[in-house]
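This is what each chain is made of:
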Amino acid sequence: MSKTSALLPVIVALPFLASVFTAFFGPRLLRRHSHWPCILATATACVLSCFVLAGVVRSEQPILAGYEEPPPSVRYDFTWMKAGSVDIGYTLRADGLTAIMLLTVTFVATWIAVFSIGYMSHEREHNAGYARFFAEMSLFICSMLGLVLADNFILVYAFWEGVGLCSYLLVGFWFAKPAAAAAARKALLVTRLGDVGFILGILVLWMGFDRPAPLGGPDPSVLNFDVAFRLAPAQDPAILALVCLLFLCGAVGKSAQFPLYVWLPDAMEGPTPVSALIHAATMVTAGVYLIARSMPLFHAAPPYVLMIVASIGAFTAMLAALIALTQPDLKRVLAYSTISQIGYMFLALGSASSGTLVAAAVVAGIFHLVTHAFFKALLFLSAGSVMHAMGNVIDMRRFSGLRYAMPTTHWTFLCGAGALAALPPLSGFWSKDEILGVTLKAGAAEHYPGVYVVLFLMGLLTAGLTAFYTFRAYFKTFWGELRIPPEAGDHAHESPEVMLVPLRVLAVGAVALGFVIQPLTGWFSGLLEHHWANVSFPGQPLPHVVEHGHNWVLMFISSMFGVGGVFVAWFMYVCQPGLPERVVRGMQGLYQMSLNKFHVDEIYYALFAKPLSMMASVFKVFDQYVVDSVVDLVGSVPRMIGMLLRPIQNGLVQFYALAMMLGLTVFLGALVIRMAR
Amino acid sequence: MDLPRLELLIILALPLVAGIVVGLMGPQRGRAIRWIAAATTAATLLLTLHVAAQFMRFNTPRAAQAEKRVDTPTFRPLFVPGAPGVTLHEGNIREENPHGTSWNLLPLGPGNIQFFIGIDGINLWLVVLTAVLGVPVVLVSWNHISVRVNEFYAWLLILQTAMLGIFLSFDIILFYVFFELSLVPLFFLIGIWGGPERRYAAGKFFIYTLTGSLITLLGVLGVVFACYTKNNNELTFSIPRLVEIVHARLRIPNEEERQFWANVQLWVFLALTAGFAVKVPLVPFHTWLPLAHVEAPTAGSIDLAGVLLKVGAYGFLRLCVPLAPDVSLNLGLPLVSTLAVVGIIYGALCAYAQDDIKRLVAYSSVSHLGLCMLGMFALNSAGISGSIMQMINHGLSTSGLFLIVGMLYERYHTRKISDYGGMAARLPLFGVFMTFICMSSIGLPGLNGFIGELLSLMGVFEQQWQRDQFPIYAVIGAFGMFLGAWYLMTMLRRVFFGPLKEPPVPEHEQHDPITDLTGRELTALVPLAILCVVVGLYPQPMLDTMRPDVKVIEDIAGNARKRVVLAAQRGPAVVENDRGEGAAP
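These protein sequence lines are chains F and X, in that order. Residue numbers for the first sequence follow this note's numbering, beginning at 1 and rising by one. Residue numbers for the second sequence follow this note's numbering, beginning at 1 and rising by one.
This is chain F alone, in the form it adopts within the complex (with noise of 0.2 Å):
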């Protein structure tokens, strides 16, 4: 046991005691001061993570934590629970993947915990919920670090729930709002339907996976990663589609997809901050993660599986940037760009449709995660920014030219919107670039090829819709006239210092880590290659045909197709106002449709929860007339039988009398004819 392997433990304690330290000292103790242990352990846990990383890239092996002995055995440090063939321990694994999720996750959260304590500070004087935020925040980290962290599946889908959990506490934060109390039930029951897919592809991947079966039953150790995915490439390859399929439900709701993308937009009710934490660094790239993790299960699987995965989120991303082209709700365009770019990661990941690719479908698929991470919590703080000056008035057609009002949010909203725009030299231009080519490497491969050249034009149109919306939405609310809603009162000015700073050091991030990390130096690939690769795919060393060059007329079109989008963008909202509305006028049925998000809500009430709640009262009904009357009715048999014999029992004694006579008639008769006989 090294000493890395004894910070993994400490990493997760740490949000999860500041939680319940907060919770049970807050409201009485803490007060005005909840926010502190929070942004601590997030801290001290982003320091920690530091740690792990130069663990990691010092180790040539993961570096793993609460095995009494290593994998295949089941001997744990902490068992969690053993009955007869299942057997699952408290275990952390940490390699280079990991490493990289720890430290965006515990950075950019630890900057959102700062701006929350300037947004939420009319909760301060509520000393109960400014304690519970911050309660909440902690195990929504704790949860997510403990995600990125399990080194069994079970555990990973303990900690899964969990991030649900918190997602569902913080949306429904302020849960007097009716439109959050229903965004909260609808984010949990939504992710929990794709998490009935992920627990039964863990069943199914326990179960089917073919091995040296040890005497009596199945081997519980197959939940462990390792030996998950060593005995991979030898599996029944319809079971591991099964398996792979499966996750991918989970992944797809967790990670807001098609279809079951639609909690994620309702789930901006949730206090600004939140909504940062979801879209950024947890929860939504849970669902990523998972996939990056089971590589090894995805890659030994039939190509299509892969192809699925692309395809989904290819569509996904052209989907949701259909819908974000329209919105008129600020937070709404974020929340779409979300649901876009996810795709985009999920378009990497399924583009590992060959051995030589798989390294680099995952370094593409990742360093958007991490790049995403960085603008979009940039772009929803942000965001928060405004919300917090125009009273909670997020509505773009409400305010317009906050430019000169708010000049730092101004510029911080700016650099993350070009990053989300891709345009070049910002971090989520080198990170889409990488995705694209990756792509387009899967369109003369092997499988597929014909396929995959689409949805790399879908990503390339998709990318040219993003710098359009998102260009749309900045112009909309940081230029034209200087507008503000009566609700924002007195305070309409700049955020105050707590608030600027977190936007300062993402919008930092959000410019220049793109180009250090990948393109300047290589670091993130060669981590992942090294690290994540070299130690995820035992037994089967995986082919290393990474080239470092750089497409340049991928570039170059790529970049195109952004500066285009923004041109647009400037064209219709800057230089010609009134454009927008004949554009509008002309196209009519297209822009209902996308404002009204083409109907999937409505459709998706109308197909399954409608019939459900239908089927519901009619089994009410049905229970209580049909069931409890047939109970009732044989009940009511004895007491018939009684009505029937009821009568006799008269009471006078001339009937009694008479019967005696007839009974003792009718015998005799019967004796003495019988004796004639």
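Note that these hints are calculated values from the structure, not bench results. Each residue gets a CB set at the ideal place from its N, CA and C atoms; glycine is no exception. Careful, some of the hints might be misleading.
What the hints assert, rightly or not - Cross-link-like lysine to aspartate or glutamate pairs, in silico, EDC-like; alpha carbons within 20 Å at most: (1) K562(X) <-> E257(X); (2) K416(X) <-> D355(X); (3) K177(F) <-> E502(X); (4) K68(X) <-> D544(X); (5) K68(X) <-> D555(X); (6) K610(F) <-> D355(X); (7) K177(F) <-> D419(X); (8) K501(X) <-> D355(X); (9) K3(F) <-> E68(F); (10) K620(F) <-> D355(X); (11) K3(F) <-> E60(F); (12) K620(F) <-> D356(X); (13) K501(X) <-> E410(X); (14) K501(X) <-> D516(X); (15) K177(F) <-> E125(F).
Unchecked claim - Just so you have them, the derived chain X footprint on chain F, three or more residues with Cβ under 8 Å: (16) 72-81; (17) 179-190.
As the list claims (entries may be wrong) - Computed spacing ranges between beta-carbons, pair by pair: (18) L645(F) <-> T414(X): 40 to 48 Å; (19) A39(X) <-> G651(F): 28 to 36 Å; (20) D2(X) <-> V630(F): 50 to 58 Å; (21) G195(X) <-> L645(F): 31 to 39 Å; (22) I207(X) <-> N650(F): 23 to 31 Å.
Assemble the complex: chain F is given as a structure, and chain X must be docked to it using the hints.
Chain X in isolation, oriented as in the chain F frame:
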């Protein structure tokens, strides 16, 4: 007599004695009565925990014994009063007379009905659960019950003894006596202190379950007499011995013997199932449950849902499967599993549509117990362990739900969901606990519900997958977990979240303001919440304790499976029986 045995006797006798004492006191001495009841249940709880701690010292030797066991699998209760029984001797188990005790209750021909109680891995945690729930049951009735206080607590304490007796009994007649005894106090609790339709509810509950359990009695007698005639006229009522005899006879490869036991098992299974299925309840025998729950006072609901429903499941586990293993496998597995999955979905959907919170929780019990039965009839270690965990966890979380609903009802005198809204703003602690308990109930990992659900699902999945069947039960079970979240989250949103909508406070109580949870109520809730977390994070001590006994049932089922395979190889199985004979010869 060593300490744990004595404690076991006290655990069983103390509530009964206290119940009689309380019953003889005047109804006007409410304060003293309440304190006596609280002290009794608290003492019972402490003793039970001590017994559990004592029992866990046997974990290692019992596991070792289970490993090297070669004889017939059967239950081996510890701490049996009255016999030398099983003792721990220098770290090893020393057994004398493991299948009975020297305390005879009623000599009956060549045999004896014995006062045979004890603890093994299967009943230990159910006994602990019963004792744990005893305390909040008293606390929640503190102000709620104001008429005929002495009788109320008397019945409550007697019910406690009856429930403990069911779980502790290892004599089949003693089991049955306690089983029936538990009906009487609950009948009065519902019938006297219940809601507006209490008479109807009490009557229906009583007659429905009594009808079921009378058929069970036939099954009990049947198996006893079948063993009597076939085993050299040895008349025994000891459950471990009966299991042993049945098992030994089933191994005789004699066609006549086989046919006889096939018939006996079929009828025994059907008879026992009749009683237990009503008790669990399996759909469609569940309609007494919502009615009884709604009409019962909170204390009655908690005892009913928390403990008495488990009696049905426990009966399946303790009697039905071991005494009729072949039929449990051939007929029971498909039949009960099907009813269970139907119950999971049906219960969840019915729960969603309810407007009365108590009714909703009642239907959620139908759904949760469905998963419990599903796990049990996986008939493997994972499934059975999960099933027992599910019993415990359902006991904890459903009791928590009923407690909160009861406390809410005490304040506003309504249970209709549509009367409430946004209560979390008005009563924040209520909101916190309700959310917590709902999370436990929907099986959030880290809390207790998840352990039982996951293990049950894994067990049933393993069972079907290994036989190359499509794991339809696990798929439906997993979907049931989703539906569980669906109805509970909907209820939570409607009652506790959204804009505040407070029902009017009843007129005669308007002088005292509505308060959040009081200290007494927190005393009832907090231990349950702590247990939810502890069981969720560290269930292993419980799983370790039950492992040897779960293994017994798994082995019994495993042997049955071998026989079935063997019979299939020999030719078409002759399980059908159209002679219409009863089990008794």
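Are there hints from earlier that the structure breaks, and if so, what are their numbers? 19
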